[in-house]
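Between the sequences and the hints, there should be enough to build the whole structure, so can you do that?
Going by this note's numbering, 127 is the number at position 126 of the sequence shown; the sequence numbering is gapless.
Check each hint, because a few of them may be wrong.
As the list claims (entries may be wrong) - Pairwise CB distance ranges, derived in the manner of DEER restraints: (1) Phe-40 / Val-155: 16 to 22 angstroms; (2) Glu-119 / Glu-4: 19 to 25 angstroms; (3) Pro-18 / Arg-84: 18 to 24 angstroms; (4) Phe-40 / Arg-156: 33 to 39 angstroms; (5) Asn-75 / Val-155: 16 to 22 angstroms; (6) Pro-18 / Glu-71: 34 to 40 angstroms; (7) Val-123 / Pro-38: 19 to 25 angstroms; (8) Val-17 / Phe-137: 29 to 35 angstroms.
Treat the hints as calculated values from the structure; they're not laboratory data. The C-beta atom is built at its ideal place from N, Cα and C for all residues, glycine as well.
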Amino acid sequence: MTERLSVGISEFRIAVPPAKLVTYGLGSCLAIALYDPEFRIGGLAHTLLPSPRHAADNARPAKFVDAAIELMINDLLARGAARERLGAKIFGGANMFEPLLGDPDNAVGPRNIRSARETLAVLGIPLLAEDVGGNFGRTVEFDIASGEVRVKAVRGREGEIIF
2 MTERLSVGIS EFRIAVPPAK LVTYGLGSCL AIALYDPEFR IGGLAHTLLP
52 SPRHAADNAR PAKFVDAAIE LMINDLLARG AARERLGAKI FGGANMFEPL
102 LGDPDNAVGP RNIRSARETL AVLGIPLLAE DVGGNFGRTV EFDIASGEVR
152 VKAVRGREGE IIF
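Below you can see the structure in the form of structure tokens.
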């Protein structure tokens, strides 16, 4: 029987089959999925901001895109995953309040997307898929058995996309 494990804001979880990791209500937040297809282990983070501005912000390190990616990689490696087999998928990073902002590229969502792309590139983890941006929310379900991620839009796009 498949176990659905919820990932809250500023959290990450690591799982093996038959688990599915799910996170709800992604707006400007960014979900990051990391997966080792051979070892069949994966992690999902629900991040809030690109990176900490002050050392005191490290109380919940998974709150930040860059820190969450590094934490998940380290946890996956400690559980037997291989760095060279890891791949990433990112979701969310919407600009939920576009009409209210003068510079949409400087909004939290686009900054989260940039942070994930940059951090993954620096760490040598390939970005295999993404469903980012826009001005609508998303729910993400990561099936650890297959490595597939299902994305359901919340107001703004019809249907479900599988990555």
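So, going through the hints one by one against the coordinates:
1. Phe-40 / Val-155: 16 to 22 angstroms: With a Cβ separation near 32 angstroms, Phe-40 and Val-155 fall outside 16 to 22 angstroms, so the hint is violated.
2. Glu-119 / Glu-4: 19 to 25 angstroms: Once the Cβ atoms are compared, 33 angstroms apart, the range 19 to 25 angstroms for Glu-4 and Glu-119 is violated.
3. Pro-18 / Arg-84: 18 to 24 angstroms: Between Pro-18 and Arg-84, where Cβ atoms are some 21 angstroms apart, the hint holds.
4. Phe-40 / Arg-156: 33 to 39 angstroms: About 37 angstroms separates the Cβ atoms of Phe-40 and Arg-156, which means 33 to 39 angstroms holds.
5. Asn-75 / Val-155: 16 to 22 angstroms: violated (32 angstroms)
6. Pro-18 / Glu-71: 34 to 40 angstroms: For Pro-18 and Glu-71 the Cβ distance comes to about 25 angstroms; the hint is violated.
7. Val-123 / Pro-38: 19 to 25 angstroms: holds (22 angstroms)
8. Val-17 / Phe-137: 29 to 35 angstroms: The hint (29 to 35 angstroms, Cβ to Cβ) holds, given that Val-17 and Phe-137 are roughly 31 angstroms apart.
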